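Asks: Here is what each chain is made of, one letter per residue.
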Amino acid sequence: MIWDFLIAPFAEFGFMRRALIGSLAICIGSVPVGVFLLLRRMSLTGDAMAHAILPGAAIGFLISGLSVMAMTIGGILAGLLVALLAGLVTRGTALKEDASLAAFYLISLAFGVSLIAMNGSTVDVFHVLFGSVLALNTAALVLLATISSMTLVALAIFYRPLALECVDPGFLRSVSGFSAYTHFAFLALVVLNLVAGFQALGTLMSVGIMIVPAAAARLWSTAITGMILTAVIFAFASCIAGLLLSFHVSVPTGPAIIISAGAIYVVSVVFGSEGGLISSRFLQPQQS
Amino acid sequence: MKKLLASTILAVVPTTAFAADKINVVTSFSILNDITANIGGDLITLNTIVPAGADAHVFQPTPETARLVAGADLLLMNGIGFEGWMERLEEASGFEGTSIVVTSAVDVLENEEEHEGHGDDDHDDHADHDDHADHDDHADHDDHDDHDDHEEETAAKDDDHDHDHAEETAAKDHDDHGDDHAGHDHGAFDPHAWQDVDNVILYAEAVAAGLAAADPSNAAAYEANLATYRTQLAALDTEIMEILSVIPEGDRTVITSHDAFGYFAAAYDLDFDAPQGMSTEVEPSAKDIAELIEEIREENIRAVFVENITNPQFIEQIAAETDAVVGGSLYSDALTPAGGPASTYIDMMRHNATTLATALSGTN
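Residue numbers (numbering that gives the first Met the number 0), protein chains in the order written: chain A, 0 to 287; chain B, 0 to 363.
Take these hints with a grain of salt, some might be off.
[Claimed, not checked] Using C-beta positions, here's what the derived DEER-type ranges look like:
#1 I62(A) x R66(B): 27 to 37 Å
#2 E11(A) x E90(B): 45 to 55 Å
#3 A7(A) x S103(B): 19 to 29 Å
#4 P340(B) x G13(A): 30 to 40 Å
#5 G93(B) x S113(A): 44 to 54 Å
#6 V152(A) x E293(B): 33 to 43 Å
#7 G274(A) x P62(B): 50 to 60 Å
#8 P50(B) x L105(A): 26 to 36 Å
#9 P62(B) x H247(A): 44 to 54 Å
#10 G13(A) x A212(B): 50 to 60 Å
#11 V141(A) x S103(B): 51 to 61 Å
#12 M68(A) x P340(B): 19 to 29 Å
#13 D197(B) x G13(A): 39 to 49 Å
[What the hints assert, rightly or not] Residues from chain B that keep clear of chain A, each with C-beta distances beyond 10 Å, as calculated:
#14 A104
#15 E222
#16 K286
#17 I288
#18 A289
#19 E315
#20 V324
Hints were generated in silico from the structure; no laboratory data involved. Quick caveat: nothing in here was measured; it's all calculated off a predicted structure. Built from N, CA and C at the ideal position, the CB exists for glycine as well.
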C-alpha cells in the first residue's frame, strides 16, 4: 500500500526518477537564493526577473529552435542585462530598486513579445517555453545540476557579505566597496536559478519554488543557516509531494509542486514557532 | 462580383487589371489550397489565408488577411469548426462573394472527448447529424467493454474496421480534465476530414462545383481538371493501402502528439492514440504520462511520432521508457513549404503512409 503510493511511481517510471532528481537539484540551488531574497525584502524581485528572462529565452528559441542551450543562454543574458541596468539606475539615480527593475523587466518583456510577433512565428512559443519537470532529458539534468553546484560555491564565497547586507545594508556599503559586487553577483545567482527552474517548472512556478519554502521556513527559524536548512527540507518535501500528487490525482506537475509548498506555507503561518499566528498571539503576548 | 462595394478597407485595395479575367479564389489553409490549385489551375487567382507550415489552430488574422478575404469572389473553407476565426473574418472584412464549405458532403466523425458544452450553432450545415444530439450515453467513458453504441456513431464508413478504438482510449484519459483543449477547440466534430483520401475526392468535387458556379465560362475546364485529379486521388488511395499493408495486424497502433488522424485511422485501419494535453498550453500531469507509458508497454506499441508543433522532449522521454521508437514526423494540418517532404496533399499523404509503414513494420 505505502509502497504503491510512495515508491512504485519512482521505481516503475524513469521519467518520475528524472523529475525527482531534477526538482531536487533545483531546490538545492534556488532555495538558499530564495532565503536571501526574502531576508533582503526582495521576494517580488524574483517574479520580475522571471519576466525579464522569458523574452531572452524566446529569442534563443527563435534563433536556433528548441535547443536547451540556446534558450538557457538567451534567458541568462536577458536576465543579467536587466539586472545590471536596473542596478546601475538604482545606484545612480533617485529611483529605488523596485521601480527601476519593474521598468526594465517590462521593457524587456515588451521587446520579447514584439520580436516573436514580428518574426511571424505562428507556433505558440510559450507552449515550448513552458518547461516541464516530466520532460527533462539528460542535457537539461546536467544543466540543472551544474547551475545548482555553481550556486552553492558562489553562496559559500559570498555568504558573509550577503548575510551582512541582509542585516544592515548601510554598514557594508560604508566599510567596503565590496557591496556593489555582492549585489550583482547575487542578482546573477537569482537569474541563473530562475533559468534552471524555468527548464523544469516553467517561468512562474520556478519563482514559486524559490520563494514559498523560504517564506515558510522564516516562520520556524530566525537564524540564516537554520532558515536555509528548513527551507531546503520544505522544498524537498514539496517536490516529492507534488510529483506524487501529479501522479495519483493528475494535476500538472509544476503547479502541484507549488501547491504542496503552499500547503506547508499555510501550516507554517498558523503553527510556526517564530512568529506564526498561534505563537505570536498566545505564547508571547508581551510582543503584541 | 460586387467586391468594390464591400467596405472602407476595400478603398485601398489595388485591383489589378488582369484580375478581371480570372476569378479571385481564397482558401482557408494550405491543404485546401493545394486541392483547389489542382482544380483551378491557371484559370483562377488563388491565395490562402493560413500558409504552409503554419498552424491553423492558433492562427491570428491580420489586416492583410482581411484584405485578402474582402477581395475574394469565392471563399473556400474546411468547416466543421476548423477555422473558428472565419465567420468573424468574413464579417469584419466586408466579404461579399460566395463562401463554400467543402466538407458539406463528408460524413463527419465525432470528437468523443468534446461532447459537453458545445452548442450546435456552429454546425448548422450538419443538421442531418441529429442522432449526435443524444450524447448522454457517452458521459461515462469508463465502460469501454461496451463498444456497440460507439460503433454506430463514430463510424463514418460502413466497413467493419475496429477503428474507433483510438478515440475511445483518448477519451478515457480525458475524463478528469475537460479543459485540455482550450487552445484547440474544434467543437463536437473532428474537422481533419482530409486525412481520408475518399473525403478529398468530395472536397475536390465541391471545389469544382463552386468554381464552375462562380466562373461558368470555364466550367468544362474545371470538370476536366477534376476528372484528372480524381484519378490521381483514387490511385493515391490504392497506393496508401498498399504501403500500409506491410504492417502486421497486431502492430497497427500508433502514438502521436496531436489527435488529428481520426479519419486516417478509420479509412486505413490503424489506431491513433494521442497523449492528451500535449498539443495545448496545458502541461500534462505525471498521471497522463504514466498511463500512456503503461498503454505502450501493455499493447506493445511500436512507434511514437513527433509533430513539429509540440514539445518533442515528452515524446523522447516516452520512447526512452518503452520499446517504441520515435518514428519521424507526420503532417496533419498543414503542408510543408515548397521543397519540403509534404508540399502537396498527395505528397503529404504518401509521406505519412510511408513513415508509418517504415516505423510499424520494423523495416528501417
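Asks: Each hint needs a verdict: does it hold in this structure or not?
Replies: Structure-based check of each hint:
In this structure the supplied range 27 to 37 Å holds for I62(A) paired with R66(B), their Cβ-Cβ distance being about 31 Å. Between E11(A) and E90(B) the C-beta distance comes to about 54 Å, which sits within the given range of 45 to 55 Å. One distance hint, 19 to 29 Å for the beta-carbon pair A7(A) and S103(B), is violated here, with the actual separation near 52 Å. Our hint of 30 to 40 Å for P340(B) and G13(A) holds, since their Cβ atoms are close to 32 Å apart.
A C-beta distance of roughly 29 Å is found between G93(B) and S113(A), which places it outside the suggested range of 44 to 54 Å. Checked against the hint of 33 to 43 Å, the C-beta distance between V152(A) and E293(B) comes to roughly 41 Å, which is consistent with it. Separation of G274(A) from P62(B) is about 57 Å and conforms to the stated range, judged on CB atoms against 50 to 60 Å. Taking the beta carbon of each, P50(B) and L105(A) are about 32 Å apart, inside 26 to 36 Å as hinted.
The hint said 44 to 54 Å for the Cβ distance between P62(B) and H247(A), and at roughly 49 Å that hint holds. Checked against the hint of 50 to 60 Å, the pair G13(A) and A212(B) passes, with Cβ atoms roughly 59 Å apart. For V141(A) and S103(B), the hinted distance range of 51 to 61 Å is satisfied, since their beta carbons lie about 55 Å from each other. Separated by about 27 Å at the C-beta atoms, M68(A) and P340(B) satisfy the suggested range of 19 to 29 Å.
Distance hint check: the CB atoms of D197(B) and G13(A) are about 42 Å apart, consistent with the given range 39 to 49 Å. Every Cβ of chain A is farther than 10 Å from the Cβ of A104(B); the closest lies at roughly 30 Å, confirming the non-interface assignment. Non-interface status of E222(B) relative to chain A is upheld: no Cβ of that chain comes within 10 Å, the nearest being about 36 Å off. Against chain A, the non-interface label of K286(B) is violated: not every CB pair exceeds 10 Å, the least being about 4 Å.
Residue-level check failed: I288(B) sits 6 Å from the nearest beta carbon of chain A, not beyond 10 Å. A beta-carbon of chain A is positioned within 10 Å of the beta-carbon of A289(B); the least distance is around 6 Å. Non-interface status of E315(B) relative to chain A is broken: a Cβ of that chain comes within 10 Å, the nearest being about 6 Å off. Against the 10 Å criterion, V324(B) stays outside the reach of chain A, whose nearest CB is about 16 Å from its own CB.
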